[in-house]
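J.: First to last, the sequence lines map onto chains A and B.
If you're matching positions, the first sequence starts at 1 in the working numbering and goes up one per residue.
If you're matching positions, the second sequence starts at 545 in the working numbering and goes up one per residue.
The calculated BS3-like cross-link candidates involving lysine-lysine, where the alpha carbons are at most 27 Å apart (straight line), are:
| # | chain 1 | residue 1 | chain 2 | residue 2 |
| --- | --- | --- | --- | --- |
| 1 | A | K276 | A | K305 |
| 2 | B | K630 | A | K321 |
| 3 | B | K662 | A | K177 |
Please keep in mind that the hints were generated in silico from the structure rather than gathered at the bench.
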Amino acid sequence: MKNVLIIGSGISGLACAVKCAGLGLYATLISPVSSERSQSVMAAGGINAVTEECEEGDSVSCHIEDTLRGGARIGGKNAVTGLCEHAGDIIRYLEGIGTVFSVDSNGRPMIRAFGGQSFKRTHYCGSSTGKQIVSALIMEARRYEADGLIERKLRLDFHSALIKDWECFGALLYDEKKRLLVPFYADALVMATGGQNALFGKTTGTCLCDGYAAGKLFMQGADLKNLEFIQFHPTTLETAQKKMLISEAVRGEGGRLFYEDGGKRIYFMEDKYGPKGNLQTRDLVSREINNIGRDVYLDISFLDKKQIDVKLPEVRDLCRKYGGIDISQTPIPVAPAVHFFMGGIAVHLNHETNIKDLYAVGECASMYHGANRLGGNSLLAAIYSGWVAADDIFGRTENKTHPDFDRAIRNEEDKLTGLMSSKSSFSVIHIRDMLSDTMRKDMNMIRTESTLKEGIDDVDYLLSVAGQIWYDSSESTYTNYSLTGLLTLARAALTSALSRTESRGAHFRNDHPDMDDDYAFSTLISYDDGAYNTCLDKERVYEN
Amino acid sequence: MKIRILRQTEPDGDAYWESFDYDGTREISVAALLDHLNYNDDIINDDGVKTTRIGWDRSCMQGMCGACAMVINEVPSLACDTFLNKLKGNTLTIRPLRKFPVIHDLIVDRSVIQENLKSTDVYIGEYNPKENEDHRHQYEVAKCLKCGLCMEVCPNYRGGESFYGAMFANDCYLVYARNRKKSADMKSTYADHFGRTCSKSLSCMDVCPMNIPMIASMAKLNR
Ligand SMILES: Cc1cc2nc3c(=O)[nH]c(=O)nc-3n(C[C@H](O)[C@H](O)[C@H](O)COP(=O)(O)OP(=O)(O)OC[C@H]3O[C@@H](n4cnc5c(N)ncnc54)[C@H](O)[C@@H]3O)c2cc1C
Ligand code: SF4
Chain A
1 MKNVLIIGSG ISGLACAVKC AGLGLYATLI SPVSSERSQS VMAAGGINAV
51 TEECEEGDSV SCHIEDTLRG GARIGGKNAV TGLCEHAGDI IRYLEGIGTV
101 FSVDSNGRPM IRAFGGQSFK RTHYCGSSTG KQIVSALIME ARRYEADGLI
151 ERKLRLDFHS ALIKDWECFG ALLYDEKKRL LVPFYADALV MATGGQNALF
201 GKTTGTCLCD GYAAGKLFMQ GADLKNLEFI QFHPTTLETA QKKMLISEAV
251 RGEGGRLFYE DGGKRIYFME DKYGPKGNLQ TRDLVSREIN NIGRDVYLDI
301 SFLDKKQIDV KLPEVRDLCR KYGGIDISQT PIPVAPAVHF FMGGIAVHLN
351 HETNIKDLYA VGECASMYHG ANRLGGNSLL AAIYSGWVAA DDIFGRTENK
401 THPDFDRAIR NEEDKLTGLM SSKSSFSVIH IRDMLSDTMR KDMNMIRTES
451 TLKEGIDDVD YLLSVAGQIW YDSSESTYTN YSLTGLLTLA RAALTSALSR
501 TESRGAHFRN DHPDMDDDYA FSTLISYDDG AYNTCLDKER VYEN
Chain B
545 MKIRILRQTE PDGDAYWESF DYDGTREISV AALLDHLNYN DDIINDDGVK
595 TTRIGWDRSC MQGMCGACAM VINEVPSLAC DTFLNKLKGN TLTIRPLRKF
645 PVIHDLIVDR SVIQENLKST DVYIGEYNPK ENEDHRHQYE VAKCLKCGLC
695 MEVCPNYRGG ESFYGAMFAN DCYLVYARNR KKSADMKSTY ADHFGRTCSK
745 SLSCMDVCPM NIPMIASMAK LNR
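Please take these sequences and the hints and turn them into a complete structure.
T.: Next up, the structure:
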């Protein structure tokens, strides 16, 4: 029986494991903490699909077109077609395993409108769609655990892939309980490690998604793709602990963005774009807020308190609890923040990377969303990509024997022991903080050649000292050894953004504000012993 | 403000108290406070001695994932949604959940939660709802974070050997309601590992961060 090792137990990792088990493969799902703590549980809004419940006139081809258009035409048509064609099956599957969807009086799932789509097609579970899906998938994983086809292991961190001659044989993991590196051999390795949040410090998501795995695999030879495309959410509330997403529903209910000038409120979005100005796309609103350069507020206090209680209870509670704000009385201070990564590990249509038997699924892979993601498409992609990878692994015939990695593993153990036994008062966390300062400043939503070059210089400096700072025994071992991977990923993202001398989707260059047809392709970046090589995927080798 | 934290270097190590001084704003959560102590600069205890950073689990930082469950001023709580200005007194006491083995400082091993659900086959399998299902309650129940706060506070929960805690009752109810073929099995599983031992102190409902009305799950399964 084939052994599949899956790193990361959010929706994509769970979906892949369950699909593998359904096909009779043996899946081991590892993560530092359980699926209940993954970012997937934070997804509130919903999941897109054209089903019988959808409005008249809507069709799968319309969903495909919306996705390709939203992605500014660099997503692959075949890839997106596969995604959208399977969306209905995915909703039915989720229903079939007992996901608690919001349903109408006939028990049919309800749909809501989401930005960038020509029809209402976002299926949802109250205000906790991701959480409800995770709960149902965990139950499925448990079912296969009883059959011995899935094993879920916690307190394990990805360290590196076991790769020889461009073929993957499993991974080296760090066991937090035993405090040592352990090899795990497998016929296929699936990465499901989520986005790259930690590059930016506080984001709307979780700090557990740090991008290290993508950075490390890049250093080991995997291509990365479209790293310059990062979605900012325009309305987040800054708190001492994180940036909390204030749902688009507030603007949907008439919420108005303004700043104050000499005691007067300036409704800048309405002034510039007319009465529907506040409902412009996430990118545009984010950039406009950024351009204002002063405190911006979102006002919904004019809405009747009862209406707020009925229509916006989550926003009301969140603002009260974390911001001390009564939204029926006071405007909400808002600022854009990093929310979603369209870029990541480059994968072919079968979700395999340029390294044989190494796959990537979910947000850590770059696929479907092109230069910008439609809300509700990422939960869909997380499940679909997990399925595609599982099917592909199933289709492979061989049961592999692995080459001897003993020397390479001893080498890594020695490096880690060296790191852990050295002493330094210089904390890795401070370097991480410096990295996120740089990324927030130079890889912000508005970029120029000079800021990106400054960012590259800063990260190069951090990379040069990262080899010299020593282990900070107060920090987790993972936090220490992950530093170089994170810095390398950041350097790759800045380099990708520098190479795209146009503006498209979520990537905006002040020095190249227009879209340029010559750039209507994905950016690929590879790593060769310290050199970062970018090119456009004009042949559409990865996504077509 | 004095912050007392029960610490432990390793799973088999001895627990010890360490205190810290804090004089910043009280408008922050315990999670933000722990971040502040750890990362504002070097971490210094109230004897002025540099010490090791405090270990604690975190993820979403907004009450949606249950990672940062701990005991704050003797109340099992999530650190990310417990605010200093809502706590009384000038001393804050934080300790790890005591019903689970400690891995490091405030980090505990909650794998018993999954183990118990696994060994008793608590999974839906196939959606085949009972008639008159209570959709709203199922939605609430499926929001359970598996944080373990209800087990920490429960006078009957020891280490999960035979009585599995309130979250178990909720999951049993979800399966019972969503797959009628398993309803009878779930009722008896529930009775074996929850119903017969629960003394209805209902302290679980006071601490549940998701405000899950466990009593409704119990009522439905006791019927
Ligand atoms: C606030 C918010 C709201 C959102 N709302 C929506 C929505 O309404 N609709 C929608 O479609 N999308 C939404 N998204 C996006 C969506 O939630 C994510 O894209 C999706 O959940 C990603 O799933 P995943 O399985 O790829 O990753 P995750 O759920 O992030 O899981 C990653 C897993 O990898 C593990 N991991 C990470 N690094 C390592 C490592 N080094 N070693 C071992 N394990 C590791 C983590 O612990 C975790 O288990 C939202 C996102 C946020 C932040
Ligand atoms: S029932 Fe409530 S307290 Fe118990 S584990 Fe679930 S969320 Fe936590």
